[in-house]
Amino acid sequence: MIVRVERLTHRYGERIALAEVSFSVGQGEIFGLLGPNGGGKSTLFRILSTLQAPNEGTATVAGFDVRQQPDEVRRRIGVVFQSQSLDKKLTVDENLVAQGHMYGLSGARLRERIALVAERLGLGQRRADIVETLSGGLRRRAEIAKGLLHEPQVLLMDEASTGLDPRARRELWEYVNELRTRDGLTVVLTSHILDEADRCDRLLLLHEGRVVGEGSPGELKARIGGDVVVLEAADTDSFATRIAQRFPVQPKTVDGEVRIEVPAGHRFISELFEAFPGEIQAISLHKPTLEDVFVRETGAPLC
Amino acid sequence: MIFWLAAMTLCRRELVRFWRQKSRLLGVVASPFLFWLILSFGAGGEAPRFFFPGTLVLTVMFSAIFSTISIIEDRREGFLLSMLVSPAPRLSMVIGKILGSAVLAALQGIVLLVFAPLAGIVLTASIVAQAALVLFFVSFALSGLGFFIAWKFDSSQGYHAVMNLVLLPMWFVSGSIFAMESAHGVMRAVMTANPLTYANSALRRLLTPEAAAGEPELLLAIGVTAAFGAAMAVAAAWQARHDNARSFA
Chain C
1 MIVRVERLTH RYGERIALAE VSFSVGQGEI FGLLGPNGGG KSTLFRILST LQAPNEGTAT
61 VAGFDVRQQP DEVRRRIGVV FQSQSLDKKL TVDENLVAQG HMYGLSGARL RERIALVAER
121 LGLGQRRADI VETLSGGLRR RAEIAKGLLH EPQVLLMDEA STGLDPRARR ELWEYVNELR
181 TRDGLTVVLT SHILDEADRC DRLLLLHEGR VVGEGSPGEL KARIGGDVVV LEAADTDSFA
241 TRIAQRFPVQ PKTVDGEVRI EVPAGHRFIS ELFEAFPGEI QAISLHKPTL EDVFVRETGA
301 PLC
Chain G
1001 MIFWLAAMTL CRRELVRFWR QKSRLLGVVA SPFLFWLILS FGAGGEAPRF FFPGTLVLTV
1061 MFSAIFSTIS IIEDRREGFL LSMLVSPAPR LSMVIGKILG SAVLAALQGI VLLVFAPLAG
1121 IVLTASIVAQ AALVLFFVSF ALSGLGFFIA WKFDSSQGYH AVMNLVLLPM WFVSGSIFAM
1181 ESAHGVMRAV MTANPLTYAN SALRRLLTPE AAAGEPELLL AIGVTAAFGA AMAVAAAWQA
1241 RHDNARSFA
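As you go down the protein sequences, you meet chains C and G in turn.
The first sequence runs 1 to 303 under this note's numbering.
The second sequence runs 1001 to 1249 under this note's numbering.
Watch out, some of these pointers could steer you wrong.
[To be verified] Here are the computed lysine to aspartate or glutamate pairs in the DMTMM-like style, where the Cα-Cα straight-line distance is at most 25 Å:
{"id": "1", "chain 1": "G", "residue 1": "1152", "chain 2": "C", "residue 2": "71"}
{"id": "2", "chain 1": "C", "residue 1": "88", "chain 2": "G", "residue 2": "1154"}
{"id": "3", "chain 1": "C", "residue 1": "89", "chain 2": "G", "residue 2": "1077"}
{"id": "4", "chain 1": "C", "residue 1": "89", "chain 2": "G", "residue 2": "1074"}
{"id": "5", "chain 1": "C", "residue 1": "88", "chain 2": "G", "residue 2": "1074"}
{"id": "6", "chain 1": "C", "residue 1": "221", "chain 2": "C", "residue 2": "235"}
{"id": "7", "chain 1": "C", "residue 1": "89", "chain 2": "G", "residue 2": "1154"}
{"id": "8", "chain 1": "G", "residue 1": "1152", "chain 2": "C", "residue 2": "14"}
{"id": "9", "chain 1": "C", "residue 1": "252", "chain 2": "C", "residue 2": "274"}
{"id": "10", "chain 1": "C", "residue 1": "88", "chain 2": "G", "residue 2": "1077"}
[Stated by the list, open to error] Quick list of simulated restraints, FRET-style, between CB atoms:
{"id": "11", "chain 1": "G", "residue 1": "1238", "chain 2": "C", "residue 2": "122", "range": "37 to 47 Å"}
{"id": "12", "chain 1": "C", "residue 1": "201", "chain 2": "G", "residue 2": "1165", "range": "47 to 57 Å"}
{"id": "13", "chain 1": "C", "residue 1": "11", "chain 2": "G", "residue 2": "1019", "range": "27 to 37 Å"}
{"id": "14", "chain 1": "G", "residue 1": "1153", "chain 2": "C", "residue 2": "12", "range": "45 to 55 Å"}
{"id": "15", "chain 1": "C", "residue 1": "7", "chain 2": "G", "residue 2": "1019", "range": "45 to 55 Å"}
Rather than coming from a laboratory, the hints here were simulated on the basis of the structure.
All residues carry an ideal CB built from backbone N, CA and C; glycine is no exception.
Construct all of the structure, not just a fragment, from the sequences and the given hints.
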């Protein structure tokens, strides 16, 4: 296990940001921290990236403790921040040279590494460009190139695809997958985007600082047997109660909608229409998503 | 090795950034220059000569403020943030940033120094060299002070308050706009305690020696200015280290 987190607890004053969070990540895994803003994933990211020491519990990266041996951890992690950490007045190359120097890389070795990561991330032609002239997608790639320059064992990415259009996001994921397959890179990322979470090998669902689920996207979704039916009606709360009285299901009201997990949704829908003629304003049926899992575990929507 | 690599790369970054935003030169040099013009023409007589050393110090101070105020944003979200998660020592960051800021401030002071003949000051190579050295020392000191202040604040508003309450008053009582000799006893004590007075005095001894009566001698003035720089570098380093200890308590 390359990342190991045990009973991590962190408070900001009175507010609990993390409560006894434990998990571990194996080498070569793409591991996602999923949860709404304020769920604790940013605090976890700050702790793993050595920016913040935890109040209680331990976190280790490649066997080194983030609190006791931050420099050893720093050498082994690449960090991609949500905000831009490139100097926008410098060129891509100048940024990468500066980054290399912070890790003790210089000379021919540094030039080799820069050429390699720039090539891998498709920045080969843009190395001499000043960062502020690059598109958002290219800047993100340059950020990742920065994070990978010193050959870290673990890449930490905080909401890495924020502000990217779907195409740039897809490309980003292609690069991440390639790095994992080719170099055995471990990736730990935070996200609140479902599509992104679905691409992870394993996920940790965080809500109000607590772990509310852990497993592969498939395992998590399998917690919900069958289908999810979502419907709108005039008075959702009382309607949900009446559905529960009539059928052996447990409807939940979330965001003014009634959500019901049922084994065979299509049959259930027609039964609903017969039971409550004219009361349903809108209805839909879908296979379980991670959002459904999140709602099931917390009663709250993901974003 | 990683120490100097990191420090030098940060220093070079300051210079390259400045080179690509040349309009900053105008902002830093033009406003003290304008200030000098107003005082000179307003007061007349010996005023152009008298106010010139102080104008140099003010230019350097503005430059140091501009360079260090960016630390506030930069370490929360930006370039310095990636340095904070790297194995480069904090001290290399402090030295690199202060050195870069100091070189820039001194260069801008030197740019203004070229205009000294406009004030009727005669420049020789030796005077320019000595004045440049003093400008570098005071630039280093003010950059260190700026770093020390910037590291304390989460937003630039706090920095502005300190600038108005500490930095500018420090300049006012450095002998830049009134002579130490004519100052009231209490004020004279304040001026003697103000490290910036020595930078001003050193420049005055070099450029307008006739107006330096009662001020510290040149060597003492240069020595105190250099010591001021060293002290501020230590303070800034301590501040950055202290901050680190706090977040890793």
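Evaluation of the provided hints:
no.	hint	verdict
1	G:1152 with C:71	holds (24 Å)
2	C:88 with G:1154	holds (21 Å)
3	C:89 with G:1077	holds (15 Å)
4	C:89 with G:1074	holds (13 Å)
5	C:88 with G:1074	holds (12 Å)
6	C:221 with C:235	violated (29 Å)
7	C:89 with G:1154	holds (23 Å)
8	G:1152 with C:14	holds (23 Å)
9	C:252 with C:274	holds (21 Å)
10	C:88 with G:1077	holds (13 Å)
11	G:1238 with C:122: 37 to 47 Å	holds (44 Å)
12	C:201 with G:1165: 47 to 57 Å	holds (55 Å)
13	C:11 with G:1019: 27 to 37 Å	violated (46 Å)
14	G:1153 with C:12: 45 to 55 Å	violated (19 Å)
15	C:7 with G:1019: 45 to 55 Å	holds (51 Å)
In the structure shown, a violation is registered for the earlier hints numbered 6, 13 and 14, in ascending order.
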